[in-house]
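In the order they appear, the protein sequences are chains A and B.
Counting in our numbering, the first sequence runs from 83 upward without gaps.
Counting in our numbering, the second sequence runs from 113 upward without gaps.
These are computed hints drawn from the structure, not numbers from a lab.
Hints may contain errors.
[Said to hold, decoys possible] In the DSS-like style, the derived pairs of lysine-lysine whose C-alpha atoms are separated by at most 30 Å in a straight line are:
hint, chain 1, residue 1, chain 2, residue 2
1, A, Lys153, B, Lys166
2, A, Lys237, B, Lys257
3, B, Lys257, B, Lys550
4, B, Lys257, A, Lys199
5, B, Lys471, A, Lys199
6, B, Lys198, B, Lys215
[Stated by the list, open to error] The calculated label-pair distances, taken between Cβ atoms and stated as ranges, are:
hint, chain 1, residue 1, chain 2, residue 2, range
7, A, Pro174, B, Asp548, 25 to 35 Å
8, A, Pro351, B, Lys171, 51 to 61 Å
9, A, Pro174, B, Val206, 25 to 35 Å
10, B, Ile207, A, Pro174, 49 to 59 Å
11, A, Lys292, B, Arg134, 56 to 66 Å
[To be verified] Covered, in the sense of this in silico footprint (three residues per stretch, anywhere, with C-beta under 8 Å from a C-beta of chain B), are these stretches of chain A:
hint, region
12, 91-102
13, 184-197
14, 228-236
15, 298-311
16, 408-418
All C-beta atoms, glycine included, are put in the ideal place defined by N, C-alpha and C.
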Amino acid sequence: MYEVRVGRMFEVDNIVATICGEISRGQPFEPSSINLTDYFISSTKGDTEETFLVNVDQKEGMTKTQAIVPKYPIDRQVIAIDSTSITLGQIPDGLVGAIRASIITKPAGRTEHSLEKYGPYLIPVTNQNKEQLYQETFKAVYGIETHAHAPDCSKTLDRIRNFLERYLQLRVTGSCIDSLILMDGSLIGGTVADPKSIMKNIVSNSNSRKNSLVAVSKSTGLTLRESQKNILSLLDDKQAPCYIGDIRDRITQQKERYLGSIYVARLAPLGEPFRIDIPPKTPTSHSEIFNEVAGLAEEDGYPEELRLAHMTCVHSSIEIIELQSAAITLHGLTLKEELRRRIFPL
Amino acid sequence: MYLLTKEADELAIVYSPEENLRIGDTVRIDGIVAQVVDIQFADLPGVLEHILRKSLVAKTETREHIQPQVRSVIDSLTDQRLAIAKIRGRITEVIDEQGNRKKIFKTGLSEFNISRAKAEIKVMSQNDLFEALGLNFPISSDFGKTLSTEPRNLEVLADRLGINLITGMKGSGKSYSAKRLLLKLIEKGVLTLVFDLNAEYLNLWKSNETTPNKYANLIKVFTPRLHRAQANEQPLLIPLNEVTYDDFATFVNVQSGSPTYQHLLQFWRDRGGNEFDLNDLETFSDSAQNDAVKMALQGRVAAAQALGLFGPSNLTTTITELHKTGGAIIFNLAQIGQWERSIIVEFVLRKLAQLGQSKAIRAVSLFLEEAQLYVEPQNMVNILTRMRHVGIFPTFITNDPRTLPDEVFTLLDNLIAFMFRNEDELRQLAKSGLIDQKSIYALKHLESRQCIAVGNITSNYPVFLEVNPQAEVVMGGETRKLVG
Chain A
83 MYEVRVGRMF
93 EVDNIVATIC
103 GEISRGQPFE
113 PSSINLTDYF
123 ISSTKGDTEE
133 TFLVNVDQKE
143 GMTKTQAIVP
153 KYPIDRQVIA
163 IDSTSITLGQ
173 IPDGLVGAIR
183 ASIITKPAGR
193 TEHSLEKYGP
203 YLIPVTNQNK
213 EQLYQETFKA
223 VYGIETHAHA
233 PDCSKTLDRI
243 RNFLERYLQL
253 RVTGSCIDSL
263 ILMDGSLIGG
273 TVADPKSIMK
283 NIVSNSNSRK
293 NSLVAVSKST
303 GLTLRESQKN
313 ILSLLDDKQA
323 PCYIGDIRDR
333 ITQQKERYLG
343 SIYVARLAPL
353 GEPFRIDIPP
363 KTPTSHSEIF
373 NEVAGLAEED
383 GYPEELRLAH
393 MTCVHSSIEI
403 IELQSAAITL
413 HGLTLKEELR
423 RRIFPL
Chain B
113 MYLLTKEADE
123 LAIVYSPEEN
133 LRIGDTVRID
143 GIVAQVVDIQ
153 FADLPGVLEH
163 ILRKSLVAKT
173 ETREHIQPQV
183 RSVIDSLTDQ
193 RLAIAKIRGR
203 ITEVIDEQGN
213 RKKIFKTGLS
223 EFNISRAKAE
233 IKVMSQNDLF
243 EALGLNFPIS
253 SDFGKTLSTE
263 PRNLEVLADR
273 LGINLITGMK
283 GSGKSYSAKR
293 LLLKLIEKGV
303 LTLVFDLNAE
313 YLNLWKSNET
323 TPNKYANLIK
333 VFTPRLHRAQ
343 ANEQPLLIPL
353 NEVTYDDFAT
363 FVNVQSGSPT
373 YQHLLQFWRD
383 RGGNEFDLND
393 LETFSDSAQN
403 DAVKMALQGR
413 VAAAQALGLF
423 GPSNLTTTIT
433 ELHKTGGAII
443 FNLAQIGQWE
453 RSIIVEFVLR
463 KLAQLGQSKA
473 IRAVSLFLEE
483 AQLYVEPQNM
493 VNILTRMRHV
503 GIFPTFITND
513 PRTLPDEVFT
523 LLDNLIAFMF
533 RNEDELRQLA
543 KSGLIDQKSI
553 YALKHLESRQ
563 CIAVGNITSN
573 YPVFLEVNPQ
583 AEVVMGGETR
593 KLVG
């Protein structure tokens with residue numbers, strides 16, 4: 083069962099205190115252009131995965147697909163985690179951004195959902211504070227020091243978002259029992275932002291508590307060596323729910339960074355194919371996990387709980403304008419009109 | 113607050129929830145005066161999507177950890193308000209006869225020179241508004257208080273009453289307010305006659321079930337068919353010569369054209385305009401030659417005597433006496449039939465007209481609750497057009513304004529309107545021309561005892577107000593519950 087935490091959320095005050103720093107007041111602020119009629123304000127998430135080649139001969143027997151029989155996991159707790167970041171505007175030496183994370187829970191025996199939202203948190207990232215911000219947040223989340231340097235301000239904001247998401251994943255996998263835990267992304271460790279030891283912790287925590295951890299990617303850098311096509315193309319001619327893999331052993335470079343078995347799966351008839359990472363040696367068979375995840379999928383094949391986690395953490399255009407206003411007030415910023423608008427008023 | 117649009121005489125003002133604004137408030141935009149008649153959410157693009165996204169998971173199942181410094185800003189844009197305000201006119205400065213500068217209110221707007229970006233929008237204080245309207249309420253005013261960000265007590269000024277209408281749906285507080293107005297008029301030394309259809313005004317002279325209040329000596333109740341006077345209540349008697357032979361025949365159930373009817377006609381004609389009573393009719397009956405007619409007449413006279421409606425009346429004396437001090441005469445019409453009501457009302461109106469014409473009285477106020485139930489249309493027009501010339505000022509009180517003739521709305525001097533939900537009734541009120549339809553629609557949102565007053569009593573400026581409670585008076589009028 084999910085840890086009983088009625089009325090109590092995960093403790094994040096320490097992280098919030100670390101990331102929501104102050105900057106010198108009176109700086110000019112150029113808000114990002116927001117159109118209220120835009121329903122989805124796009125924000126880039128995560129570092130782009132490098133392109134690695136995969137040796138899969140489509141004529142080989144291993145490319146045979148396994149059928150999925152969707153089964154709604156009514157008796158199992160389902161938890162989905164996602165996070166988002168947005169740049170609210172530019173300041174002379176950086177930016178002010180906001181991040182938010184969501185945890186969606188479907189309790190065992192029920193179909194309704196509950197939601198925990200962490201954020202929005204206003205984060206000023208400048209060339210002057212980004213190193214300290216990055217390293218202190220890394221330590222606050224993972225409990226270890228890093229000597230890595232912060233990337234540019236925009237990427238640093240996304241890394242901070244990633245740290246918050248990983249923190250929540252660590253807490254969820256470390257407190258839940260016998261749950262289906264859905265994450266957005268993949269199970270890659272050993273990157274600058276995601277130390278291998280931490281990712282291993284997430285995986286081992288999960289397995290020891292009989293959880294089924296599933297990472298779902300809408301896109302991937304893994305590419306078939308012969309055809310130079312993305313691995314998602316492996317299911318191009320398959321329309322019924324099915325999966326293919328594990329293909330991790332066929333990855334030609336740095337495969338030790340991949341901590342899970344790697345599959346390509348179509349979870350709903352005519353739905354989109356996704357890359358799905360599942361840790362090896364799970365208490366429940368991978369085939370059974372696929373059946374349960376497919377049971378949660380809507381027509382487009384994406385699991386409902388992950389969709390809810392995403393939709394509840396993204397910032398609406400209304401919220402972005404509110405947050406821009408909050409940033410101006412909180413940091414004593416002065417509004418600066420966008421140069422293009424000033425030059426081309428109509 | 114920012115001015116968003118102007119369409120005809122309507123302004124749309126955007127403001128944040130922290131800026132207090134409520135229906136009834138008057139705002140001043142540079143020189144322009146506008147009154148808030150409706151409040152909505154500002155319909156921003158993207159709000160629907162924002163709300164829909166929030167509603168994906170039930171509010172009860174959602175927990176949030178928000179950065180404390182950001183919390184107050186979140187949802188502030190979603191909660192932006194839009195006030196719809198009607199342009200009422202403008203404030204201009206004039207120099208009075210003493211050479212003092214004075215601000216006065218003028219209706220109409222021939223020019224519109226305000227900036228949407230720079231115009232300063234301020235809620236006008238009720239004191240400033242009333243001063244500009246030339247409304248000088250005494251400090252002791254307590255009839256009601258304005259519905260505005262800063263409420264102010266006000267009074268219904270008796271010298272501004274003319275033809276008045278108090279209306280509102282059942283339970284909206286119209287009768288309560290009519291009674292408050294009645295008591296105020298007594299305090300001003302005005303005599304009011306009330307046709308009380310539901311016996312609601314009978315106990316206004318009591319502070320509780322057993323104790324008289326300060327109005328006790330000034331309130332008299334006349335009840336038909338009452339056999340002897342008790343406390344402030346006395347029998348309402350109509351002298352027989354005040355009704356026609358036809359009315360009497362109807363009352364005692366004599367068929368028109370029958371020999372008995374012919375005898376009644378002869379009795380009335382013989383006496384011309386002289387006074388007579390049931391004793392005279394009894395004597396006349398006894399002298400009838402035809403035995404059948406004699407018996408029929410004697411039986412009818414006995415029945416009329418038993419009912420106790422006809423007899424010598426002291427109404428004239430009561431009216432002239434109370435006219436000197438101010439007071440109220442309540443005609444209890446609750447437990448009698450339609451015919452008797454009409455007879456009584458006609459008698460009272462005739463008496464009032466006579467007293468007015470002879471200048472025995474200068475002016476009186478007349479309260480008519482649901483007048484359509486006992487005043488003939490012709491008499492209604494008479495009340496509206498002629499009686500005010502002899503000093504009779506009617507106040508109609510009804511829960512359905514559609515039952516009143518159009519003349520009421522054409523000639524109306526003052527309207528006090530309480531809550532209505534029915535749009536037909538709201539449209540009917542707009543016929544008065546005292547207030548526009550959009551403003552009158554604000555009545556839909558009012559609570560019990562809240563109303564719009566407009567007309568001479570408010571210098572024709574619609575004032576939203578809440579009628580104050582009355583202490584030390586049994587106000588009555590509560591609807592009984594089926595259970596408990």
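These are the hints, each one checked on the structure:
Restraint check: the Cα-Cα separation between A:Lys153 and B:Lys166 comes to about 28 Å, which is no more than 30 Å; the hinted pair holds. The suggested pairing of A:Lys237 with B:Lys257 is violated, with an alpha-carbon distance near 60 Å, which exceeds 30 Å. Annotation: proposed proximity of B:Lys257 to B:Lys550 holds, straight-line Cα distance about 22 Å (limit 30 Å). Our distance criterion of 30 Å between C-alpha atoms is broken by B:Lys257 and A:Lys199, whose separation comes to about 46 Å.
The suggested pairing of B:Lys471 with A:Lys199 is violated, with an alpha-carbon distance near 81 Å, which exceeds 30 Å. With a C-alpha separation of about 20 Å, the suggested pairing of B:Lys198 with B:Lys215 holds against the 30 Å cut-off. As the Cβ distance of A:Pro174 to B:Asp548 is approximately 54 Å, the hint placing it in 25 to 35 Å is violated. The beta-carbon spacing between A:Pro351 and B:Lys171, approximately 35 Å, falls outside the hinted interval of 51 to 61 Å.
Hint check: A:Pro174 to B:Val206, Cβ distance near 56 Å, so the stated range 25 to 35 Å is violated. Judged by the Cβ atoms, the range 49 to 59 Å given for B:Ile207 and A:Pro174 holds: they are separated by roughly 57 Å. As the Cβ distance of A:Lys292 to B:Arg134 is approximately 58 Å, the hint placing it in 56 to 66 Å holds. A count of 4 residues in the region 91-102 of chain A with a Cβ less than 8 Å from any Cβ of chain B is obtained; the coverage claim is therefore met, three being the minimum.
Here the region 184-197 of chain A counts 5 residues with a CB under 8 Å from a CB of chain B, which clears the bar of 3, and the coverage holds. Residue count for the region 228-236 of chain A with a Cβ under 8 Å from a Cβ of chain B: 0. That is fewer than the three needed, and the coverage hint is violated. Counting residues of the region 298-311 of chain A whose CB lies closer than 8 Å to any CB of chain B gives 0, which falls below the minimum of 3, so the coverage claim is violated. Counting residues of the region 408-418 of chain A whose C-beta lies closer than 8 Å to any C-beta of chain B gives 3; at least three are required, and the coverage claim holds.
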